[in-house]
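S.K.: Given chain A's structure and the hints, the job is docking chain B onto it.
Chains A and B, in that order, give the protein sequences. Using this note's numbering, you'd call the opening residue of the first sequence number 1 and step up by one each time. Using this note's numbering, you'd call the opening residue of the second sequence number 1 and step up by one each time.
Because the hints were derived from the structure by calculation, they are not lab data. It is possible that some hints are incorrect.
Which copy is meant is left open, so a pair is good if it fits within one copy or across any two.
[As the list claims (entries may be wrong)] Heads up, simulated DSS-like pairs for lysine-lysine below, C-alpha to C-alpha not over 30 Å straight-line:
id: 1; residue 1: K8; residue 2: K134
id: 2; residue 1: K5; residue 2: K65
id: 3; residue 1: K5; residue 2: K40
id: 4; residue 1: K235; residue 2: K172
id: 5; residue 1: K163; residue 2: K212
id: 6; residue 1: K134; residue 2: K48
id: 7; residue 1: K215; residue 2: K84
id: 8; residue 1: K55; residue 2: K40
id: 9; residue 1: K5; residue 2: K134
id: 10; residue 1: K215; residue 2: K163
id: 11; residue 1: K48; residue 2: K215
id: 12; residue 1: K215; residue 2: K119
id: 13; residue 1: K134; residue 2: K215
id: 14; residue 1: K55; residue 2: K215
id: 15; residue 1: K184; residue 2: K212
id: 16; residue 1: K185; residue 2: K235
id: 17; residue 1: K119; residue 2: K8
id: 18; residue 1: K215; residue 2: K34
From a predicted model like this one, the values you see are computed outputs, not experimental measurements.
Below are the chains, spelled out letter by letter.
Number of protein chains: 2
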Amino acid sequence: MKYPKYKKELEYSYVLGTTLVFELLQNRASDAIKIIYSSKLHQELLDKLMTVCHKYQVPLELDDKNVNYLSDKENCYVIGVCKKTYLELNDSNHLLLVNPSNAGNLGTIIRTAMGFNIKNIAVITPCVDLYDPKTIRASMGAIFRMNVSLYNSLEEYLRYHSKHTLYPFMLKAQVSLQELKEVKKPYTLVFGNEATGLPDSYLEQGIPVVIKHTKQIDSLNLQTAVSVAVYEFTKIGGDYFD
Amino acid sequence: MKYPKYKKELEYSYVLGTTLVFELLQNRASDAIKIIYSSKLHQELLDKLMTVCHKYQVPLELDDKNVNYLSDKENCYVIGVCKKTYLELNDSNHLLLVNPSNAGNLGTIIRTAMGFNIKNIAVITPCVDLYDPKTIRASMGAIFRMNVSLYNSLEEYLRYHSKHTLYPFMLKAQVSLQELKEVKKPYTLVFGNEATGLPDSYLEQGIPVVIKHTKQIDSLNLQTAVSVAVYEFTKIGGDYFD
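Isolated chain A, as found in the complex:
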């Protein structure tokens, strides 16, 4: 079978490059459909790949043409074909993204969240394709260790996670992150779309929070806001990662 160029409608996605493919195999081997590689792959890496694929019973196939076709301008010699899996969130802290629209940003946010001990991300549709190869790439594989779930609305999310305290991040909030002294666990940090933020209706939800900044800028970008929030919440919450 020849795999076509990636598009959102496909039921599988592509994982480009050796490092990411190993992340896939080691963390979510059951989602790996097949690994294809080019004859330019270094023998040492191929040996390692064969061992890991054998261990997890994932098909491995030499296919220069398809690898070349899919890898675009990037010089990549290994491509993983993987299922787009959404996992149930557990009861610890969540990040909730409402209508995120940028694939690269989303990947970086997944990685940052993982770095601050957030292991569950809820996303409200419509949203960017979570399994866009750009998202996978920007997450540096963290997406394979994260529980990610899609919801059609806030109401649907709340039906499943009523015990979480919502902290919507919005410019109109009264409480500033800088003044926050305690956090209620489990919490859900809520962020809006990159361009539009959260709608005003979120002011009625949980404890809205603003990250105070100077008037020299209109707003912090999404990635910055999420970074600062997950840092501060894990700090206030006393989560240490030694």
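M.R.: Just chain B now, with coordinates in the frame of chain A:
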């Protein structure tokens, strides 16, 4: 005169789009060499542009061909031609970037720093072109309100700013940002290159700091690290921005 496509070697850069051009004119009009616009520009915006250009005595010229040629795929109807100016840093807090290599990242970092009241950025060469149109764009104009200076080495920087306490951010540091209780002002927050971080020699400088994160990721990306650091330093330092 027809302006050529941007390249690093040019003595001027381009500011694309109405919003950014107004940022340039309002904050650094003396660096604006000329504004060119296309006949597609909305009359209302043109009127406003004429008023501001007249106020600051900046030449304004209709040039459909050149605007079209320079604006690439972006649909932009106004382009500012600006000098690449480096301004002396003042004695308040600094951000020091050692060999940054990504133009877009740098722009976002400039904007974030400005959002947390850092108005001085020192950059040690070699580094990405600070006036790359991508940097200007990503800074959303904050670059025109920031003092940015280039230095050939840390030694050169220190000769001019010996009163600043250096806080190099590095994984090998002993003190964690999460435990930090006070900061010595004026401070300089120091960050290395996106891929390689700071060399070990920076462990001998000032007070090295690590932002603790989980072992699930190798490191935080530069933009995340800077965001968290400037947030925490202005918070500990008691800087409020009402």
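S.K.: One pair to classify: K215 and K119, alpha carbons no more than 30 Å apart. Within, between, both, or neither?
M.R.: Between copies only: 13 Å across chains, 33 Å inside a chain, cut-off 30 Å.
S.K.: With 30 Å as the alpha-carbon cut-off, assign the pair K184 and K212 to within, between, both or neither.
M.R.: both (21 Å within a copy, 22 Å between copies)
S.K.: At 30 Å max between alpha carbons, let me know whether K5 reaches K40 within a copy, between copies, both or neither.
M.R.: Within one copy only: 21 Å inside a chain, 37 Å across chains, cut-off 30 Å.
S.K.: Check K8 against K134 for me: Cα-Cα at most 30 Å, and say if that holds within a copy, between copies, both or neither.
M.R.: both (12 Å within a copy, 28 Å between copies)
S.K.: How would you label the pair K215, K34 (within, between, both, or neither) given a Cα cut-off of 30 Å?
M.R.: between (51 Å within a copy, 28 Å between copies)
S.K.: Regarding K48 and K215, is the shortest C-alpha distance of 30 Å or less found within a copy, between copies, in both, or in neither?
M.R.: So K48 and K215 pass the 30 Å test across copies only (23 Å; inside, 53 Å).
S.K.: Using 30 Å as the alpha carbon limit, work out where K5 and K134 are close: within a copy, between copies, both or neither.
M.R.: both (13 Å within a copy, 28 Å between copies)
S.K.: Should K163 paired with K212 be assigned to within, between, both, or neither, using CA atoms and 30 Å as the limit?
M.R.: both (28 Å within a copy, 28 Å between copies)
S.K.: Given a CA cutoff of 30 Å, do K215 and K84 count as a within-copy pair, a between-copy pair, both, or neither?
M.R.: between (42 Å within a copy, 25 Å between copies)
S.K.: What label fits K185 with K235 when the C-alpha limit is 30 Å: within, between, both, or neither?
M.R.: both (13 Å within a copy, 23 Å between copies)
S.K.: From the Cα coordinates, with 30 Å as the cut-off, is the pair K134 and K48 best called within, between, both, or neither?
M.R.: Answer is within: at 25 Å inside a copy they meet the 30 Å cutoff, but 40 Å across does not.
S.K.: Quick one: K215 to K163, C-alpha cut-off 30 Å, is that within a copy, between copies, both, or neither?
M.R.: Classified as between; 28 Å across copies, 36 Å inside a copy.
Consistency with the previously given hints is maintained throughout, with no hint failing.
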